[in-house]
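J.: Single-letter residue listing:
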Amino acid sequence: MLKLNAVFWLLIVCCMPAYSINSYSKEKKFWVAWQVSDGIVRGVVTDDQGGPVPAVTITVKNKSAKTATDANGKYAIPASGNDILIFNYVGFLRKEVSVNNRATVNIKLEASSESLTEVVIVGYGQQRRTSVTGSIATISSKELTESPVPTVSQALVGKVAGITSRAPDGRPGAEARLQIRNLGDPLYVIDGVPSGPQQFNNLNSEDIESLSVLKDASAAIYGLRASNGVVLVTTKKGGLNKENRVNVNSYYGLQSLFRFPKAASAADYVRALAEADINQSGSSVWTPEEVGKWQQRVPGHEGYDWSSYIKDNAPQAYLNLNTTGGSQKTSYYLSLAHLNQDAVFDGYNFNRTNLQSNIETRIGERFKVGVKINGKIEIRDLLGLPGEDDYFQALLGQFRNLPTEGPYANGNPDYPATNNNFATNYATFEYSGYNKTERRTLQTSFDLEYKFPIKGLTATGMYAFFYNNLLGNTYEKTYKTYTYNSATGNYDVTGGQQNPYRSRDNGYIIDNVLRVQLNYNRTFGKHNVSAIGAMESQDRTDKLFFVRSQPVSNEIDIMNFFNELQAVSDRVSEEARAGFIFRGNYDFDSRYLLEIGGRYDGSWRFPKGHRWGLFPFVTGGWRISREAFLQGEGIKKVITDLKLRASYGETGSEDNGVGPFAYLPGYNFGAGNAYLDDKLITGIAARGLPVTRLTWIKSAISNIGLDFDLWAGKLAGTFEVFRRDLTGIPAPRYDVLLPIEVGFTAPSENLNANRTLGVEMALNHSGKSGQVMYSVGLNATLARLRNISTYKPRFGNSLDRYRNSIEDRWARINWGYEFIGQFQSEEEIANYPVDVDGQNNTTLLPGDFIYKDQNNDGVVDGLDERPNGYSEGNLPYLNFGLNSSVSFRGFDLGLNFSGATMQSRGRAAELKLPFQNDANSPDFLLNDRWHRQDIFDPASPWVPGTYPALKKSNNESNQRASSFWFRNTSYLRLRNVQIGYNLPDKWLKGAKISKVRIYANGFNLFSIDNVKDLGIDPETQLNTGLEYPSVRVYNFGINLTF
Amino acid sequence: MKQLKKLIYACALVILVQAGACKKYLDREPTDILLDDQVWSDPKLALSVLANLYSRLQPIGGLETGKLSPTDLDEAMWSGGLGANNARNTRVNYPYTDKQLWSYDLIRDVNLFLEKLEASSAMDAAEKKHLLAEARFIRAYVYFLHVRSMGGVPLILKTFQYNGPADVDAMKTPRTTEAGIYDFISSELDAIKEELPLTAGSKTRANKWTALALKSQAMLYAASIAKYNNLMADPIRTPGGEVGIPADRAEGYYEQSLAASREIIDGKQFSLYNENPDKVQNFYDLFTKKANNREVIWAFDYTLDGKYHDYTVENIPRSLRENASGAAGVTPSLNLVEAFDYLNGSTGELKIRTPNGADYIYYDRLEDLFAGKDYRMSGSVIVPGSTFRGKRVDIQAGVMEWNAATGQYITRTSADLGSLFTDGGTLVAADGPLPNAANVTNTGFYMRKYVDSRIGSGQSGQGSDVWWIRYRLGGILLNAAEAAFELNRPAEALPYINLVRERAGFGPNSLQSLTTTVIRKEFQVELAFEEQRYWDLKRWRIAHDVFNGNRQSPNTMVNALWPYRVVRPSDPAKHNKYVFVKRVAPRFTQPRLFRLGNYYSIIPQNALNANPLLVKNPFH
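Just so you know, the sequences run in chain order A and B.
Letter 443 of the first sequence, counting from 1, is numbered 443 in the numbering used here, and no numbers are missing.
Letter 542 of the second sequence, counting from 1, is numbered 542 in the numbering used here, and no numbers are missing.
This is chain B alone, in the form it adopts within the complex:
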């Protein structure tokens, strides 16, 4: 009985202890949450916050997400799966939400970084100065991305606290003018440029030279808008200047851009990539080789140890794919291929018919058609008969069989890649093209720029570590050329553009005079697929002319080049030769239509709802 009593007491004790412990019992510590004072006393953790911010600066047309942006215009089209992305080939117009950006969560996190770091006393002063300047650079870059898409946006430079509904009115901020945002970017960059590291050692983090490159680009955009918007019959602007920059500011912006570009060029920290005497390979290496690459100013970098992308998986030629699915996603257009001039200076139209148009021109080999073209074409695009990863990429749509009775060719095709014709020769090549199939080119070309030649990079489990170049000296030289030309100093502009062309293989001083057309074409071919053309056409205010929705206009449809093998044993001069047909890519159905309302994306409805001070963009 005594023992029982003891047990009862023990039980009672257990109950009491349990009850007493309950308060603490529910206190549990999370394992993956860091508190403010932990973060802002450790430079390593501060860098981790910065890493998060850098990771959120995803380029729209980059390698990881959205890699489709070349298919927005006339550079390329979608030849991948027939699912949702196929709508890119059939869309009637661009929605006003296209390129919409309203990333104020990111802006808040940058502002928070600045405020917290500023307040922190546990950090070394020199370290703090660098980090603060770096975050301000990121903020300026983010505002540039916004102004490019949206026009002037609310300029928020501090974080808000929420303590209940009463605070809300004070948080409403109107849009700053478009010029105001560009001016903010300009003054920020001026202020931090000397606080950032002065050497060009890092290609991935901000330094003085990245700040200058951003300035060169941003000021050129501002200048073009100030000039060309006001040359439109009906300039796009709002009364408050949220959209539209006064014409008289153009010259100042051009000067600022040129000054920034010149500082980079004259600083001699960078040089055009010229490591490989094979000009085609050299231009390709520029994008895929990281070692000794002195042309790159700022890149979004990847590593096989934990951060890689599947750009190669998605875009590799069909016959070279390493995955069970994917391949041939973004395929270059004939429009782009013909934009590359011949090295002798003549325009780039491919010669497929005899001068009088009566007959095809018969080529011995597929690749002969492209002889003499700007080397950058083959450096950027895989054309029929070229090699990639040491293998030939054969592109042949079928066979033209001569019918002596009618005196005409009969086109023979098949649905099977790599099929053979009755004569034992190729009918449809292993790499297509096919008219209505997925994951094989529809245009007759494949992507080369940024596609990795390393075996294994086409497997989704590994992927590619090729980096995405944001700024490189080639682009800065073109910026300088355009700014100088617009400032009416062609003599200053010419050497810049000729330097770029010389690296491409044109020889020294290939241009003797400049026009806007020449400069713009140089932008198109040098910077193809680098997420430039959309914004360039926009700032020059010609997007609505180029993509006018008229099927007959030269660039509204994505054109294809389909090679055929000739079967005509009776005529040995033609038999087993190759002929080419230019056509609209079969999967591409609707002419491009860029509306005036597309010059500025629509402001999200929820932003308008929540902040009545926001002015809508024109046409929305």
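Extracted from the complex, chain A is given alone in its bound form:
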């Protein structure tokens, strides 16, 4: 941890001299310029209320001179004659003023509503924010880099209206689950290249210039893959004639688990074992004396706290160096970043190195060429523990290791103990081996732009090549575990891992994108016209080779000899897509806006003759604020901008539930095998009926939105309502009942329909009071899926319909019993008129659950189940975020809250069943329970608790799915708080540094929610609670600009 830290600071220090030399030489040139100039222009910059505005950047047009206002708004810059001064500051309109031979130029800046001038990246182009008619949310690089998170998806949580999210997992390198309006997994397009979430998440967020979320018909231009919306990412580039800048950003932080269920102590565990025996059969193998020893922690009975293996100061560190600038013809952005994140368990690490190089140059008058290179190395270093997920044993160990046993035999750290389950004994982890996954990615693109001699007409072309290599190595080693023999004083080998495992995944993905595009953009008086036409093709080859062996030794790390080899598999898949894209925009006077477009899109997935589809869209807008009746002075002061817009678009979803080659008959290779006559023969199996009538799912999305900007940015916001109809969801025809005896099922056809409905809003307020500037933003998204129709549904009876119909109902309903209380006494059980457990209540004890007998038939059975809560394991239907910032002089403070509700969570295994896996349980299950006052005396009175009386088995009645176990989880968490300080300029002058900002973050500091009593993070998803929850992080960082 200390080493990690030191390396980073060393890197920074090494870089500083290099750049100070660089800037020193620039400075010299500057002074030369100063001397030949005729004079110096001075002045004061004020805001519309006359207050001074510090830190305004002032440049001279076409010259290199540059300065900034001081704390009193004063500035001085070498300029003269007809030079034009440019004043720039965030939050104000950019202003250009001619010097006109003056020596003093005082300027009043108008507060800008950023949204008026902002350019928004849209599919295959960009538009001014004011003329956007689709539902497009954007997020700036500043907002993205606020939170110290490893992946981009995590940085988006709570920031944007329309994004629904859940962060179920907080392990190093974890991603948040992200959807647009709960529509499903979106398409990610990075610098014009359609990619997947893996590429998106592992971008260096510092390299992102802007991020646009296309939520409605504006996504339709991406055709067959756009039904769930599109996320567009643009990386940074330099600018022509821009001074060279070097930025360094680095932070170091300490992580701890936000929350994890606490296992019961040894004393509680032993008592619970005895109690369970007596509850179940009246006697126990545990004697009161033995239990008493554990309660009193007499020597040898102290117990062991396995949570001591969870660290609360796991380090993470980040360093980014980037430089940007440009000459008259060439601009560049170069960036190198490294992230290193440890887990709270020893032996787990995630680190990533990102490289981004964006260079663009003009050749002659009409050509522009550019090359973008994005390289990534992601490395996940885990322990080689048994099972698929190498974190699982570490998490499971909290309960699976008994508190009555310690990690070492006789406490001697040379001898890991043979405990209840040695695979989860943390003492064995250092002997366990490793699992290392390395992903190396290279995404390059070559861009070409040509400006035709015809005004407004340009052509662009792009070829992008993507290569991704996956190298996964797992080595699970053998080791021994011991038991101490007090009689002989020996450590006897009594167990251990004898099952070595070695495997390697080696795969690569090659992806090619080729695009040619024509753009036309021109203004004729009040008529603004623009159009694009493009052609795009993308193909992808994905190969994966897997080999597994059983190594003979712990020492040889290569696989050799086929007598060790156990399995080999090889997978190849290819994809190909092509599309023709067109879009036309027309607006009159920036007042009436219209956009029409579409995509003729084809996919290799479908049979010949059914591969191509046309996906049109239309959007329109009316900027009411441009109408004459709103041009009055008084009204203009209030309504800065007001726009009503609507959109409709049709897209498709390729993901129709059958594989790419479902239309082919024949045989599948590798289906089962048989050992016949001492030869292992790989099986091949008939594929069943070819699916020839199934095509993509059709998606139609409609959106109506209102954008407003009042009092020049004081209050801005958006309200939207939307609806997405999916039709043609695959289903078999019900009225064609093929006899089962024919041995095949009727192929699915495009028959069913569902609909996602929702609303969203965003509100922003920003203002300034004296030297305090602040902003508050609030966003919320409600989106829920409803099944609309199924193909000719048939039901045997009304109960069947009630229970099984999904016609015109909210989707993803859970069913369960209605919990109406707990039995208070044995008499109550004996006299209870309803058979609750299906065995005439003979299995029940006081504290056991009473379910409502909904149909009053005297017995609680499947017929009494009722809908229960919202969906489990999906994203919450309602997400909201609150983001605010305040700055004062050099200080700034940012707060981000995120929250959600309308999601259900069931409970299973460790969170529900005492002694799951014959091991320990969370303390609330073993302690907050119904029990007898004297647990050893079956005659003593019952003491109530939240959970039923403990039993090891025969608890089926309580364990049935019921409203007791289901919870609608709601939370509001402080996701990020950041406080920063910009060192005053006067301190920096000597150091030749233009900006130094130091900051501290707190990530996930607290949460208000309703699952605290279970000790789980509200965003985790597994109903067992055995998930690596979000981490709480304290970070310290520095930001330098040279």
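To be clear, the hints were calculated from the coordinates, so they are not data collected in a lab.
Within a straight-line C-alpha distance of at most 30 Å, the following computed DSSO-like cross-link-like pairs (lysine-lysine) qualify: (1) K24/B to K698/A; (2) K24/B to K543/A; (3) K608/A to K24/B; (4) K792/A to K616/B; (5) K242/A to K142/A; (6) K543/A to K307/B; (7) K279/B to K577/B.
Keeping the supplied structure of chain A fixed, place chain B upon it in accordance with the hints.
T.: Leaving out everything else, chain B in the frame of chain A:
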């Protein structure tokens, strides 16, 4: 400017080429799909299809899936994890879906194989003949599995094509009678028996002898149903004969079964496994040794090179487990252990109390209790004090400490395996039993049959390659004995059954006379855990009597045998000796109840919905 023009032309060309290429651009070839003509011109690929079919003939109670079937009845119980499988110990009755089978996808694939191969002209004629006969054998076997569970089922011998809703009515096929399916099996086997390889070289693929073994078994089932169903007070049958076989067919079926069995026995291709003079070890080797095993007729085979199972991982004694979890899944019952007779001919009840019942019998060693039992018992079950993999499996539930004041024993136990009592001796043995714990025996016994003695086979990453025997000569001899006895030819039956008993260690001609009880007990002990008993009790129509849901009936509860060590220093004759307690296994709570509706499993509701011609089975 000229160059620019060239570039523009080049761009235009790129656009045109791209547009032109689009049609082909989307044509991609799958890498793992074989087309019909590729498959049916290459004998190797045809064999691959066959391998797929063989792999789908998973035995219900086999080693790989479902290995739990001994816990269905009174042979064993589940002592593994306390999760879902524990319901096997607590179930009130068997659901009607138990043993349900409706595998028409498999039947379609076999029919498809036959049709495609028949039509193929690219295959060598002799090869084609063998393969066709082999597929027909597989189909007959699949129909046998169906008729055993479901009664008569629709007999589908061709594939259907689907060209839209209009075709559907023609596809609906009614059930064939139960006798009809057995007759189909019989005639198919007769037809192909000489077309299959005539030697017994293969233990894994069909040959003449596998066909005969299937016939021996299937015809015996048909005969028993024809006879015993009609002896019930209220025979189980449907008016159309989909369930129930007329009584007058019994004799014919017995004759067919006997004839098939005799052809195998007289063919001398097989002999009872008798390679090891240690009779216990010999009976165990019969199942685990593949080399020189001339008893096995047809097996489902495994190899460590890519097809192995975790039967040993799941069922190995607790102290011998090689994995961090698992072990002690299926544990044999006392009921089964006592079904094995003593070698002197006396019945197998274990002697744990003095004849007047006043006191325990004190044994010096755990294993002494079992002296003189049928060797097959120790060949099939690990009893307290026996050895496995060269290690002793000690099973001791606790200590009986003598309390001189009360004149009674106090039972001392612990929750810890391998714990020591205050006198320094064992309290609870490393292998249990414990009353309410997972992965340690609950009955006092562990499984031996089919559990691999090779070190490493208990690791889930490797597993075991012990094969699952479907047909062996021992079973065929018993089939012959039963058929001959039912045909009232006891003199012919006796030598067959005595041969089986002689190999078990009873000595020549150990039985002088036969009864149905004797024959049935021989089936129970010889074929324990071989997925036989359930079907035998069913075809003899006694399952509902044996498992009548009455806690007091002898076989409705799974019983356990718990050994204790005696601590009574005052009485050296008893001190440190072992006594035994018989009890109901603590994790076993509900008496077995086999309902009349369980004789035939329920037809799946979706099958009934889709085909109105299907008649329901009785009681459903």
